[in-house]
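In order, the protein sequences belong to chains Y and V.
Residue numbering for the first sequence is 1 to 336, as defined by full-length UniProt numbering.
Residue numbering for the second sequence is 1 to 568, as defined by full-length UniProt numbering.
For the record, the hints were derived by calculation from the structure and aren't laboratory data.
C-beta: ideal position from N, C-alpha, C; glycine also.
Fair warning: there could be bad hints in the mix.
As the list claims (entries may be wrong) - List of simulated lysine-lysine pairs, DSBU-like, C-alpha gap at most 35 Å:
| no. | chain 1 | residue 1 | chain 2 | residue 2 |
| --- | --- | --- | --- | --- |
| 1 | V | Lys334 | V | Lys113 |
| 2 | Y | Lys233 | V | Lys457 |
| 3 | Y | Lys28 | Y | Lys196 |
| 4 | V | Lys202 | Y | Lys39 |
| 5 | V | Lys296 | V | Lys245 |
| 6 | V | Lys283 | V | Lys171 |
| 7 | V | Lys41 | Y | Lys39 |
| 8 | V | Lys428 | Y | Lys196 |
| 9 | V | Lys303 | V | Lys283 |
| 10 | Y | Lys313 | V | Lys171 |
| 11 | V | Lys334 | Y | Lys39 |
| 12 | V | Lys457 | Y | Lys317 |
| 13 | V | Lys165 | Y | Lys317 |
| 14 | Y | Lys155 | Y | Lys60 |
| 15 | V | Lys113 | Y | Lys155 |
| 16 | Y | Lys313 | V | Lys25 |
| 17 | V | Lys296 | Y | Lys233 |
| 18 | Y | Lys196 | V | Lys41 |
| 19 | V | Lys395 | Y | Lys155 |
| 20 | V | Lys296 | Y | Lys155 |
| 21 | Y | Lys317 | V | Lys202 |
| 22 | Y | Lys155 | V | Lys41 |
| 23 | V | Lys202 | V | Lys165 |
| 24 | Y | Lys60 | Y | Lys233 |
| 25 | V | Lys165 | Y | Lys313 |
| 26 | Y | Lys14 | Y | Lys233 |
| 27 | Y | Lys39 | V | Lys245 |
| 28 | V | Lys533 | Y | Lys196 |
| 29 | V | Lys113 | Y | Lys233 |
| 30 | V | Lys417 | Y | Lys196 |
| 31 | V | Lys533 | V | Lys457 |
Stated by the list, open to error - Quick list of the computed label-pair ranges, beta carbon to beta carbon:
| no. | chain 1 | residue 1 | chain 2 | residue 2 | range |
| --- | --- | --- | --- | --- | --- |
| 32 | Y | Met1 | V | Pro246 | 53 to 63 Å |
| 33 | Y | Leu200 | V | Gly167 | 57 to 67 Å |
| 34 | V | Gly453 | Y | Leu295 | 42 to 52 Å |
| 35 | Y | Asp41 | V | Arg274 | 52 to 62 Å |
| 36 | Y | His236 | V | Thr177 | 24 to 34 Å |
Stated by the list, open to error - Computed footprint of chain V on chain Y, listed as stretches where at least three residues anywhere in the stretch have a Cβ under 8 Å from a Cβ of chain V:
| no. | stretch |
| --- | --- |
| 37 | 132-141 |
| 38 | 192-201 |
| 39 | 246-259 |
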Amino acid sequence: MGVVQRYGLRLQRKRWRLRAFRKRRELKPVTNRTDQIRKNDILLFCTLRNEGIRLPYFLKYYRDMGVSHFFFVDNDSTDGSAELLAEQPDVSVWHTRKSYKRARFGIDWMNWLLRRYGHDHWCLTVDPDELFVYPFCDSRPLPALTDWLEASSIKSFSAMLLDMYPKGRIDAVPYQAGQNPLEIASWFDSGNYTLKRNHLLGNLWIQGGARARVFFPDQPEAAPALNKIPLVKWHHRYTYVSSTHMLLPRGLNYVYDEWGGEKASGALLHTKFLSTFNDKAMEELKRREHYAGSLEYVAYANALQDHPDLWCKWSEKYINWRQLEILGLMSMGNWA
Amino acid sequence: MSIGIVMLAHTALHRAEQVARHWTKAGCPVVIHVDQVVSPKRYRIFTERLSDDPLIRFSKRHRCDWGSWGLVAASQDASELMLTGFEDVSHVYLTSGSCLPLRPVQELIDYLKARPRTDHIESATTADVPWTVGGLDEERFTMRFPFSWRRNRYLFDRFVELQRKLGYTRKIPDGLTPHMGSQWWCLTRQTLSSILQDPKRKVYDRYFRHVWIPDESYFQTLSRLYSTSIISRSLTLSKFDFQGKPHIFYDDHLQLLRRSDCFVARKIWHSADRLYETFLNPKPGELSRQEPNPGKIDRIFAKAVDRRTRGRPGLYMQSRFPNEDWENGVTAAKYSVFQGFTELFTDFEPWLAQVTGARVHGHLFAPDRAHFAEGQTVMNGALSDNATLRDYDPKMFLTNLLWNTRGERQCFQLGPKSTPNVVWDIAKDPNAQVSVISGAWAIPLFQSNRTFGELRKEAAQMQKIETQMLDALRSPYSKCRKRIWTMAEFIEAPMEAIQVIVDEIGFQPNRRLTTAPTMVDLAGFGQFLQNLKNQGMHPYLMGDFPADPITPASLRDTQRPRPYLVKK
């Protein structure tokens with residue numbers, strides 16, 4: 001990589017940081033409890049809109065895991081999400097009415113909060129429908145992982161997005177607040193992913209899974225990206241480039257081994273396909289606030305009219321992280 | 001007699017306190033060295049908290065960076081304090097603040113009492129062991145290392161290179177043979193005091209101060225001078241990964257640690273409450289007199305290192321994406337590829353599945369869809385048969401299929417109509433066993449009812465593509481195992497060729513085939529080829545096919561009863 005290209009990336013990084021700085025004015029603090037944050041706390045950052053029904057389980061899941069403080073950007077929810085969050089003792093909430101799309105799908109807001117509060121902390125950036133799993137997550141809390149990463153001089157940890165879906169119609173079983181979404185959406189595709197390398201930023205581009213199989217069989221290049229790097233020991237100079245798919249500086253994107261070995265990695269169980277999905281898809285189609293002209297939602301809306309079954313004979317039912325490790329979707333690396 | 005514990009603590013002081021009290025409860029005095037980086041305030045609190053225990057002392061503080069002399073200096077000072085302060089100490093055990101005793105202290109005392117003159121210190125000459133980080137073994141004793149390996153790797157490496165180029169070597173003090181090993185040792189009073197009171201200690205100290213990672217070589221080398229009996233094994237269970245940093249133990253290692261029968265383990269995660277809870281409150285029960293046996297733990301950690309350095313062959317995923325030729329196996333398992341066989345035999349796929357027990361697919365890379373075995377539309381791993389999805393990344397389609405079906409032999413058909421270039425991925429894969437009957441694509445043309453002009457055009461195209469495919473298979477980059485017959489060659493003795501292929505799949509080795517696939521009726525095929533020739537399109541891939549409209553010799557062959565061939 002030449003000097004010019006390196007300098008180009010530096011400028012790009014500065015540009016995203018500047019943009020995040022500009023967008024900070026769109027965020028109005030609702031409750032700010034950041035004075036509670038202690039030196040080694042693990043922080044979680046999340047943008048949401050009308051996801052109140054998911055929050056009780058989401059908060060419990062990550063609290064049990066070892067997250068100490070939550071940062072939420074509430075993009076003008078109308079379902080009482082903001083009020084629910086404001087009551088929580090370990091949550092800080094910001095509110096905005098501004099466009100999700102013009103904040104580059106929320107990532108400018110995330111970048112600003114990360115820069116302001118995340119410096120020198122391990123930061124987990126996830127969506128409300130994403131459940132993070134990592135090797136040994138059933139017996140070791142998240143600080144065990146971050147301590148190990150720290151001792152190994154690893155700054156970023158990858159977790160591929162794994163689309164979970166129910167068997168039968170998506171709206172067949174209504175989701176209740178507080179329920180584990182994996183009880184309903186417990187199936188996934190285990191071995192139909194494609195990987196490509198992004199030579200400029202160094203990250204992998206992963207596509208495939210149930211969404212490519214059912215919604216994008218005729219235009220696989222348009223299928224959503226599944227590579228994610230949600231857990232980073234943040235430095236105020238870092239910035240996410242596009243969602244949590246990749247970061248700058250590019251060294252943070254090298255979460256994979258190129259010489260045959262396996263680095264440790266986890267997964268984000270993506271529980272988008274619940275009974276709440278149909279309404280959501282219709283709303284998002286109207287708002288047009290999602291990536292690439294909400295292409296994804298257009299595809300969903302078209303397919304959803306026939307109530308497709310994402311499930312197929314070879315779908316795998318989720319059991320635990322060990323199953324994902326055996327299937328080769330994530331790896332323990334040298335963490336034993 | 002008792003054992004003196006020297007403890008080097010730097011973080012998680014509350015755990016160090018817990019463990020120190022555990023030792024003193026059993027009557028073992030403890031000298032604690034606290035790293036200089038710990039703030040004076042925290043140090044004061046820590047010493048005050050432990051001041052009620054007369055068996056605990058604190059030694060002079062040093063700065064203990066990884067691989068620095070400070071670690072040796074700290075061990076020396078603490079050991080001196082131990083030997084002078086506690087007269088009845090017969091052995092000194094060096095531990096860290098993140099060590100945890102796994103067996104009741106009394107067992108360790110009994111164990112050492114039975115070996116009063118034995119030093120337990122891992123100590124090997126540099127030539128004999130492969131555990132060196134950074135590729136330095138002998139040289140760590142003969143060079144100078146003014147730059148930190150951790151913080152200033154670039155300068156460290158350049159300076160080593162420079163010394164190599166100049167041929168610079170330091171002189172090793174007379175009488176010393178460099179040895180190295182785990183820094184966690186247990187020495188007798190005799191050996192340790194001899195080392196510390198050696199008249200030449202100043203010389204040795206000056207020398208070792210500039211050796212790289214002296215804490216792994218100072219005591220290991222000097223004990224060889226004085227010890228009467230060395231057991232070159234550390235009593236501390238401590239495993240290192242491929243970067244030379246210690247593996248960490250967590251709550252889920254409890255059973256493993258318990259069964260290892262080691263006396264002390266390092267390093268324990270500071271929040272592994274269950275481990276501290278269990279091992280610091282041993283249940284009064286039978287004493288085990290077993291020798292330490294860390295075999296199982298060794299295997300688990302060796303496997304982890306292997307996973308990190310070599311990985312699982314044929315797996316491509318978010319944290320394993322090997323460069324070409326570094327895959328350690330392009331695909332996950334051996335597989336067979338057939339070209340021209342379904343064209344020549346009417347029932348080749350079911351027949352092959354029956355005789356080999358393998359999963360036999362049709363044309364996986366056909367233009368319309370992936371023809372999976374038994375007409376399935378989705379395969380293992382939810383791999384779709386959609387041609388667009390497949391052709392988005394045909395190589396990953398293949399590697400995915402083989403990864404998803406590990407443990408089951410895969411066979412599939414290939415042909416000139418397959419996705420272009422996928423033949424290259426197959427040719428470069430040592431796991432592929434490719435069998436080709438060249439020119440067999442002409443048989444469906446021969447059987448079809450289309451106009452001759454169309455046939456001629458298609459034949460020319462197919463011949464061109466197949467020639468390129470054969471070039472790929474025969475190219476110097478090709479690593480697959482390949483057998484290529486012309487059609488004429490093949491039908492001379494089809495059963496022999498098939499026998500070889502089936503043996504290679506290897507489900508029932510050295511068994512003679514008892515059934516044969518049914519060959520299509522080739523009467524008139526020679527004439528068909530001749531007609532193509534007459535039209536100016538020369539089909540050469542079939543070999544010298546007799547133009548006469550006679551039944552080929554081989555077909556007569558298969559119809560004639562043979563002793564080993566029972567036709568159904």
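(Q) Holds or violated: Lys202/V and Lys39/Y, Cα atoms, limit 35 Å. (A) 43 Å, violated
Q: Count residues of the stretch 192-201 of chain Y with a Cβ under 8 Å from any Cβ of chain V, then say if the count reaches three.
A: With 6 residues close enough to chain V, the hint holds.
Q) Is the Cα-Cα distance between Lys113/V and Lys233/Y 35 Å or less? A) Violated. Lys113/V to Lys233/Y sits at ~49 Å, over the 35 Å cutoff.
Q. Taking only the CA atoms, is the gap from Lys202/V to Lys165/V under or equal to 35 Å?
A. This hinted pair holds, its Cα atoms lying about 30 Å apart.
Q.
Would the hint linking Lys60/Y and Lys233/Y be met if the CA-CA limit is 35 Å?
A. 23 Å, holds
(Q) Next pair to validate is Lys334/V with Lys39/Y; report whether the Cα-Cα distance is within 35 Å. (A) Status violated; Cα separation ~52 Å.
**Q.** Annotated coverage of the stretch 246-259 of chain Y by chain V, confirmed only when three residues or more have a Cβ within 8 Å
**A.** Answer holds; 5 residues pass the 8 Å Cβ test.
Q.
Just to be careful, I want the Cα atoms of Lys233/Y and Lys457/V compared with a cutoff of 35 Å; is the pair within it?
A. Status violated; Cα separation ~63 Å.
Q: With a C-beta cutoff of 8 Å, work out whether three or more residues of the stretch 132-141 of chain Y approach chain V closely enough for the coverage to hold.
A: holds (count 4)
Q.
So if I understand the rule, the pair passes when the alpha-carbon distance is 35 Å or less; does Lys283/V with Lys171/V pass?
A. Violated - the C-alpha atoms of Lys171/V and Lys283/V are around 53 Å apart, more than 35 Å.
(Q) Does Lys155/Y sit within 35 Å of Lys113/V, going by the straight-line distance between their CA atoms? (A) Violated. Lys113/V to Lys155/Y sits at ~47 Å, over the 35 Å cutoff.
(Q) Can you confirm whether the C-alpha distance between Lys334/V and Lys113/V stays at or below 35 Å? (A) Given that 35 Å is the threshold and the Cα spacing comes to 58 Å, the pair is violated.
The structure fails hints 1, 2, 3, 4, 6, 10, 11, 12, 13, 15, 16, 18, 21, 25, 28, 29, 32, 33, 35, 36 (numbered hints given earlier, in ascending order).
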